[in-house]
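K.L.:
Put chain R on the given structure of chain S with help from the hints.
Protein sequence lines correspond, in order, to chains S and R. Here the first sequence stands for residues 7 to 220, where the numbers follow our numbering. Here the second sequence stands for residues 1348 to 1613, where the numbers follow our numbering.
Treat the hints as calculated values from the structure; they're not laboratory data. Even glycine gets a Cβ: it sits at the ideal position worked out from N, Cα and C. Do not rely on the hints blindly, as some may be mistaken.
What the hints assert, rightly or not - Interface residues of chain S toward chain R, partial, derived using beta-carbon atoms under 8 Å:
#, residue
1, Leu-168
2, Ser-182
3, Pro-188
As the list claims (entries may be wrong) - One side only, chain R facing chain S, incomplete, derived with CB under 8 Å:
#, residue
4, Ala-1403
5, Lys-1444
6, Pro-1479
7, Asp-1521
8, Asn-1527
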Amino acid sequence: MRSFGPNEMVYIILALRWTVLLATCALAGGVVFGALLTATGLARHAVARSGVTIFVQFVQGTPLLILLLLAYFGLSAIGLELGALLSSALALTLYAGAYFSTIWRGAIRAVGSGQWEGATALGLNRWLSFRLVIFPQALRMALAPTCGFTVQLIKNTSLAALVGFVELTRAGQIVSNATFQPLLAFGVVAAAYFVMCLPFTLLSEWLEHRHAHP
Amino acid sequence: MLNAFGRFARSSAAALLLLATGTVAVEAQTLDAVLKRGKILVGVNIASPPFGTTDARMEPDGYDVDIARMLAKDLGVQLEIVSVTNENRIPTLLTGKADVIAATLQITPERAKSVLFTSPYGMHQSMVIGPPELKVASLADLAGKRVGVSRGSAYANILAQANIPGMQLVQFADDSANLNALVAGQVDAAGTVSYLAAELKKRYPEKGFEQKVKLTDNVYAMGVRRGDLDFQRWVNTFLFVNILNGKIGQTYEKWMGDSWKTLPPF
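In isolation and in its complexed conformation, chain S is listed as follows:
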């Protein structure tokens, strides 16, 4: 059995790239999927709206771990063979999409109906009203919580360790078991997550502050 040395340090730091990749995929996928859900959720079509509601409730009412296991084992059981990275990215995309759409729909709803009426009175159609009047106001409200959720998303990529995907947390487990020095191994892991999340936390705080004092 070895002790914790530079090699182990480098191994954990290098595993950071998989966490970054997973978080990036989840974030990109979540933003696109979340926008889609938001648009559908605001549509006039009642069936589409309730479909989105059911989906969002399902995802928000299911532990992320279960979504990850379903994507990893469930899909391959029905013949769809995705690797650990892709299936984890898929589960995190569904998860992020559901939460983003809740945040964004809330922000859009928070813009008063008077704004829609005013825009219509100016002769703007529904799309132009949204783009020119509603969206800029909703954006300001949505940015801070979006950043806040992004921090959560980054940290939640650690659950992918449970399907054996060797990202930051699993690398820490491997090193901890090879060296029997969990404090050092997980200390480095914690520091790595902190460094990754700090910019988003600061950005979120700054946006919230700016929103409070326009």
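P.N.:
Just chain R now, kept in the frame of chain S:
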């Protein structure tokens, strides 16, 4: 959107059902499939030294990894190590993400319901260890004690089924967490296996951890999917030949620091 959701819900339900019942479609011709693919997928837990660990260059290494290397060599195919954990090793095998698992899999009747065991390739003892001041001579003495175990391990099951009144079984994610909890005094005693107890003694001689109760001999084997008899026969042949020519014994002694003993017939 509703359609997509419906599809998702249906496939989720189907997947859950499959996972729950374990009736995953078995690809019976694994041996042919492996030969055709030119690559074998072996599930190993690389966070479980000395079976699966990482070398100085942080590449997979260990007893299970060496066995997997020999297996691939004898089969004449490339080796891909699939990283598994104790909890997901059997689902990984059953869903076809690995052709065979060599992941500290002790032979138990319970597990034999979901996997087909090959011949064994090693054994060790599982035991309960604790500090000298802990007065425990039998399982019953563990009443009212906090006992740490590594989740998903065979000795965790033995302790859980022992029905000891007032014993609190504390499940840790892995061996490192379990034994460090013992060192830190967060549990009174810990279930573990002989080679880890020896390692712990080396690391913390001042603590004087000693064996309190022997639990069982753990004989471990590889696992293939149920019904995959053809492939199991090949793995058994591989084990038979390499145990006979001493290669597996040498590898065992290199990793376990213990002499190879003839395994009980299985």
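K.L.:
A separate judgement is required for each hint: does it hold in the structure or not?
P.N.:
We went through each hint and held it up to the structure:
no. : hint     : verdict
1   : Leu-168  : 7 Å, holds
2   : Ser-182  : 4 Å, holds
3   : Pro-188  : 5 Å, holds
4   : Ala-1403 : 6 Å, holds
5   : Lys-1444 : 6 Å, holds
6   : Pro-1479 : 21 Å, violated
7   : Asp-1521 : 5 Å, holds
8   : Asn-1527 : 5 Å, holds
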